[in-house]
Amino acid sequence: MNESANVLEVKGLEVAYSTNRGDVKAVRGIDLDVRRGEILGIAGESGSGKSTLAVALLRLLKAPGKVTGGSVKFCPAGRPPVDLLKVNGEDLRVLRWSALSYLPQGSMSSLNPVMRVHDQFKDVILEHAPGRRGELDTMIPRLLGEVGLEPRVARMHPHELSGGMKQRVLMAIAVALEPDLIIADEPTTALDVTIQRVILQSLGDLRRDFGVTLMVISHDMGVHAQLADRVAVMYEGRLVEVGDVRQVFKDPRDPYTRQLIESIPRLGRRAS
Amino acid sequence: MRLLTAVLRTIRNSRRLATGLVILAVLVLVALFSPLIVSAIGGGKDPIELAAYDKWQVPGPGHLLGTDQFGRDVFAMVVKALSVSLQIGAIAGVISTVVGVIVAFVAGYKGGWIDNVLSTFTGILLVIPTFPLLIALSAYAKNVSLFQVGLMISIFSWPFAAKTIRSQVLSLRTRPYVDLARVTKSRDLEIIVTELLPNLLPFIGVGFASSALGAIFGLVGLEIIGLGPGGVIDLGQIIFNAIGTGALTLGAWPMFVVPIALLTLLFAALNMVNIGLEEVYNPRLRGVAGE
Amino acid sequence: MTAEAPPAVATDESQDSAPVSGVRAWLSRHPLAGYAIRRFGLYVVELWGALTIAFFFFRLMPGDPIQTLIQTLQQNYIYNAQASTEIITRYRHEFGLDGNLLTQYLTYMQKLILHGDLGPSLINYPTPAQTVILRSLPWTIGLLGISAVMAWILGVVIGAIAGWRRGKFGSALATNLSIALSHVPYFFVALILVYIFAYSMGVLPARSAYDSNINPGISPDFIGSVLKYGLLPGLSIVIIGTFSWILSTRMLMVPILGEDYLVYAEAKGLKGWRILTRYALRNCYLPQITAFGISLGFIFNGNVLVEQLFNYPGLGTTLVTAIQQLDFNTILGVTDIAIFSVLTAVLLLDLVLPLLDPRVKYWK
Chain A
0 MNESANVLEV KGLEVAYSTN RGDVKAVRGI DLDVRRGEIL GIAGESGSGK STLAVALLRL
60 LKAPGKVTGG SVKFCPAGRP PVDLLKVNGE DLRVLRWSAL SYLPQGSMSS LNPVMRVHDQ
120 FKDVILEHAP GRRGELDTMI PRLLGEVGLE PRVARMHPHE LSGGMKQRVL MAIAVALEPD
180 LIIADEPTTA LDVTIQRVIL QSLGDLRRDF GVTLMVISHD MGVHAQLADR VAVMYEGRLV
240 EVGDVRQVFK DPRDPYTRQL IESIPRLGRR AS
Chain B
0 MRLLTAVLRT IRNSRRLATG LVILAVLVLV ALFSPLIVSA IGGGKDPIEL AAYDKWQVPG
60 PGHLLGTDQF GRDVFAMVVK ALSVSLQIGA IAGVISTVVG VIVAFVAGYK GGWIDNVLST
120 FTGILLVIPT FPLLIALSAY AKNVSLFQVG LMISIFSWPF AAKTIRSQVL SLRTRPYVDL
180 ARVTKSRDLE IIVTELLPNL LPFIGVGFAS SALGAIFGLV GLEIIGLGPG GVIDLGQIIF
240 NAIGTGALTL GAWPMFVVPI ALLTLLFAAL NMVNIGLEEV YNPRLRGVAG E
Chain C
0 MTAEAPPAVA TDESQDSAPV SGVRAWLSRH PLAGYAIRRF GLYVVELWGA LTIAFFFFRL
60 MPGDPIQTLI QTLQQNYIYN AQASTEIITR YRHEFGLDGN LLTQYLTYMQ KLILHGDLGP
120 SLINYPTPAQ TVILRSLPWT IGLLGISAVM AWILGVVIGA IAGWRRGKFG SALATNLSIA
180 LSHVPYFFVA LILVYIFAYS MGVLPARSAY DSNINPGISP DFIGSVLKYG LLPGLSIVII
240 GTFSWILSTR MLMVPILGED YLVYAEAKGL KGWRILTRYA LRNCYLPQIT AFGISLGFIF
300 NGNVLVEQLF NYPGLGTTLV TAIQQLDFNT ILGVTDIAIF SVLTAVLLLD LVLPLLDPRV
360 KYWK
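Here the protein sequences come in this chain order: A, B and C.
Note that numbering that gives the first Met the number 0 has the first sequence beginning at 0, numbered continuously upward.
Note that numbering that gives the first Met the number 0 has the second sequence beginning at 0, numbered continuously upward.
Note that numbering that gives the first Met the number 0 has the third sequence beginning at 0, numbered continuously upward.
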């Protein structure tokens with residue numbers, strides 16, 4: 000089967016939040032394509048709508064948020080394309096993780112506090128790939144090793160792990176089923192600078208080794224500079240610039256993009 | 000004045016709280032007006048006097064709920080009994096709440112070993128089955144006034160109030176505005192009254208509702224085995240009489256059903272007030288816009 | 000990329016001031032044991048406190064039990080109306096009523112703790128109270144125990160679902176019903192059940208624990224009879240208890256509905272019921288374990304009246320009979336047994352708790 004060049008095609012996506020005084024628009028009509036095998040960065044400040052975009056694409060948006068318009072064509076390998084916004088129930092659930100996975104911020108409490116790391120892998124693997132039950136004992140240590148964690152981490156509970164370790168566990172779980180697309184939301188935020196480096200390196204390695212497509216949301220332009228192939232800049236719910244990352248950095252067309260780039264701290268430069 | 004508007008706004012926000020309070024208000028009104036209602040039913044004579052009417056009449060136009068074995072009008076009895084039950088509940092509730100607040104404040108505010116001793120003591124009273132102890136007290140209750148009954152029962156309901164209030168005092172003790180008040184050299188008592196108390200009023204409300212509920216519960220329990228205070232008729236007594244004389248088999252079902260229904264309504268209302276207050280002060284329990 | 004060693008699991012071993020020898024060192028290396036010992040110590044204090052309170056409550060009741068006994072005996076065996084002082088003294092001694100209050104207390108506690116002797120009962124004089132009580136104990140444990148556990152299980156499951164599917168009609172219905180009915184006395188429900196099933200429809204019995212025509216023993220007939228006779232009393236407790244647990248479980252479930260790990264579980268594409276049980280419920284059910292133990296005292300209170308209504312031969316009926324006869328030893332004895340059972344249950348649950356919860360640091 001011919002795989003389309005784009006794994007995701009977003010057209011006219013609109014997301015709003017209901018309040019007692021009417022709707023607040025968070026995402027205003029975004030058109031965006033995600034090419035298969037690329038690392039696409041979504042940049043922007045807090046409140047630009049980038050996190051809302053990610054959550055909406057993952058169909059994890061909860062009241063008072065709601066999608067008010069648009070379509071998202073998702074083309075997982077070996078499966079017919081679907082509109083992510085329209086698919087529901089069992090069809091959506093089956094797509095999850097095996098085709099589309101989520102890498103949340105490690106500093107959040109995304110890991111179930113009462114389950115060991117081993118079981119957090121096990122339940123999702125067995126849910127979507129029950130035939131691989133026999134491989135679990137080899138798979139899990141291998142996945143942990145790929146993000147630089149010792150096998151004995153599997154026996155631990157989340158509260159015993161540091162922020163960086165949790166982030167890496169989440170990364171390992173995200174690739175466990177080799178999905179077509181991983182959406183990563185602020186993967187380096189709230190981590191030490193040294194650990195950030197390690198995470199970014201791991202993410203790049205993931206693309207190299209597994210061929211996954213990554214959408215990385217981050218307010219930190221430095222992350223996009225180091226990791227992304229293309230970058231899309233959001234401001235107040237709109238896409239203001241999209242392009243090859245080196246191009247955008249060298250010659251930003253939008254004044255806001257320019258501001259973002261210039262706000263990256265540089266050695267030798269003083270604040271004012 | 001501000002306190003009043005704040006209270007009214009709170010009530011309007013929570014449907015549960017409002018419903019519970021409305022039901023309570025209705026019951027209280029009936030109780031307050033009971034003398035009027037009773038004499039209206041009697042139309043001249045006292046419908047609760049023994050042999051005021053014929054015995055064991057079934058519900059009918061003359062007597063909405065029939066009469067009992069002594070010829071007393073059941074409707075009038077129930078109304079009067081409701082008033083008595085509410086009074087006892089209120090007395091016990093107030094005493095329990097006052098004691099509970101004092102204990103909770105002392106324990107929560109002072110901390111240390113005082114807290115340990117007091118909370119262990121409160122804990123014991125909450126966990127052990129207290130009904131037998133209540134029975135022991137009821138031996139004193141043969142010929143006492145309403146107030147004294149309330150007083151005795153409150154011995155068992157105060158730990159409920161204390162427990163709820165204490166946990167709130169603990170959480171509030173470390174809030175910044177308390178530190179601020181401390182820094183301005185207010186005395187401990189002043190801090191308690193001006194800073195902590197207003198924020199604790201809803202919890203004191205919950206404490207009152209819980210202990211009133213527990214008090215009436217305990218009282219009804221006692222009366223059902225015949226140990227209640229003599230000389231006063233309250234709802235539990237009516238039920239006891241009904242069971243004792245096999246009223247159901249004689250067709251006098253209101254004597255049975257009406258007190259039970261009223262008590263259930265009362266308990267439900269108190270519970271609604273409790274839950275409603277809890278929802279108001281724990282916003283996570285409330286609904287979300289757009290849901 | 001270097002493999003990272005996980006940080007040390009939190010223990011009390013701080014490098015600067017580690018105790019090196021003695022009990023403290025051992026305790027800091029075995030934090031769970033320290034917790035167990037401290038909790039047990041608290042248990043002993045609570046038990047002693049409760050038994051003492053109970054003792055003084057009953058001893059301070061008005062009424063002289065010996066005079067009552069004499070009167071009872073006079074009615075049963077034609078006695079000389081003026082019982083001589085020797086006999087009174089002897090009875091006083093037997094019932095532990097000689098000496099001042101403090102002496103009585105010490106004697107009582109000594110007999111209780113060292114010999115498990117609760118003194119002679121009045122209702123079956125001279126049978127000791129503990130014999131009378133132990134005869135009725137299994138019935139109460141059966142009725143109360145099974146009902147309480149069933150109510151807990153039903154209530155927690157329904158409450159979890161009610162909290163999970165918040166906003167749906169079924170959940171709102173369950174919640175409102177629970178608010179209205181969770182504080183109805185078991186006794187009222189028992190009355191209604193008896194009226195409907197025993198009196199009107201005549202399908203279930205309203206008295207006793209089993210059919211008196213059947214011999215007690217491990218036989219299907221007997222067990223069937225026990226179950227049949229226990230159905231109505233048990234239902235009275237289970238119905239109301241369930242409502243109460245529904246309410247409290249829902250209150251625990253609702254605040255965690257927005258937690259990150261639930262969003263993540265949904266992102267993983269796990270099945271709904273799996274998320275409900277292994278992610279949501281497992282993170283909020285623990286307080287209900289403690290709450291179960293604490294509820295036992297309250298359930299016992301209600302159980303007394305239920306047993307009384309059904310003439311069920313358990314502790315409750317024994318208690319009421321003893322009260323009517325002013326049999327102080329039995330009254331106090333039942334109270335003591337109830338106190339002991341409840342406190343022990345709470346202790347056992349508290350000791351089991353650390354095994355169930357990997358997070359909480361109990362040894363702090």
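Calculated directly from the structure, the hints in this document are not laboratory data.
Each hint should be verified, as a subset may be incorrect.
Simulated pairs of lysine-lysine, BS3-like, Cα-Cα distance not exceeding 30 angstroms [claimed, not checked]:
1. A:K61 x A:K72
2. A:K61 x C:K167
3. C:K167 x A:K85
4. A:K65 x C:K110
Beyond 10 angstroms from chain C on every Cβ pair, some chain B residues (computed) [stated by the list, open to error]:
5. L28
6. V29
7. L31
8. P34
9. I36
10. S38
11. I90
12. F104
13. V105
14. F130
15. G204
16. L269
In this text the structure is predicted, and so the values were computed from the model without any measurement.
Glycine is no exception: its CB is placed at the ideal position from the N, C-alpha and C atoms.
Over 10 angstroms from every CB of chain C: does F130 of chain B meet that, or does the non-interface label fail? 4 angstroms, violated
For the pair supplied as a hint, K61 of chain A and K167 of chain C, is the alpha-carbon distance within the 30 angstroms limit? Satisfied, since the Cα-Cα distance of roughly 16 angstroms is no more than 30 angstroms.
Is it the case that L269 of chain B keeps its Cβ farther than 10 angstroms from each residue Cβ in chain C? The claim breaks: L269 of chain B does not keep its Cβ more than 10 angstroms from every Cβ of chain C (closest is about 7 angstroms).
Please settle this one: V105 of chain B was flagged as non-interface, so is its CB more than 10 angstroms from every CB on chain C? With a cut-off of 10 angstroms, V105 of chain B remains clear of chain C, as the shortest Cβ separation is near 19 angstroms.
Outside-interface status for V29 of chain B - nearest CB in chain C farther than 10 angstroms: 19 angstroms, holds
Would P34 of chain B pass as off the interface with chain C, using Cβ distances and a cut of 10 angstroms? P34 of chain B is indeed farther than 10 angstroms from all Cβ atoms of chain C, at 28 angstroms.
Pair hint outcome, K65 of chain A versus K110 of chain C [Cα-Cα no greater than 30 angstroms]: 71 angstroms, violated
L28 of chain B remote from chain C - nearest C-beta pair above 10 angstroms: Fine: 21 angstroms to the nearest Cβ keeps L28 of chain B off the interface.
Are all C-beta atoms of chain C more than 10 angstroms from that of F104 of chain B? Given that every Cβ of chain C is farther than 10 angstroms from that of F104 of chain B, nearest at about 22 angstroms, it holds.
Satisfaction of hint between K85 of chain A and K167 of chain C, Cα-Cα up to 30 angstroms: Measuring from Cα to Cα gives roughly 23 angstroms; hence the hint holds.
Non-interface claim for S38 of chain B versus chain C (Cβ beyond 10 angstroms): Since the minimum Cβ distance to chain C is about 31 angstroms, S38 of chain B lies beyond 10 angstroms and the statement holds.
Against chain C, does L31 of chain B hold up as non-interface, every C-beta pair farther apart than 10 angstroms? Non-interface label on L31 of chain B holds, nearest chain C Cβ at 24 angstroms vs cutoff 10 angstroms.
The structure fails to meet hints 4, 14 and 16 from the earlier list, while all remaining hints are met.
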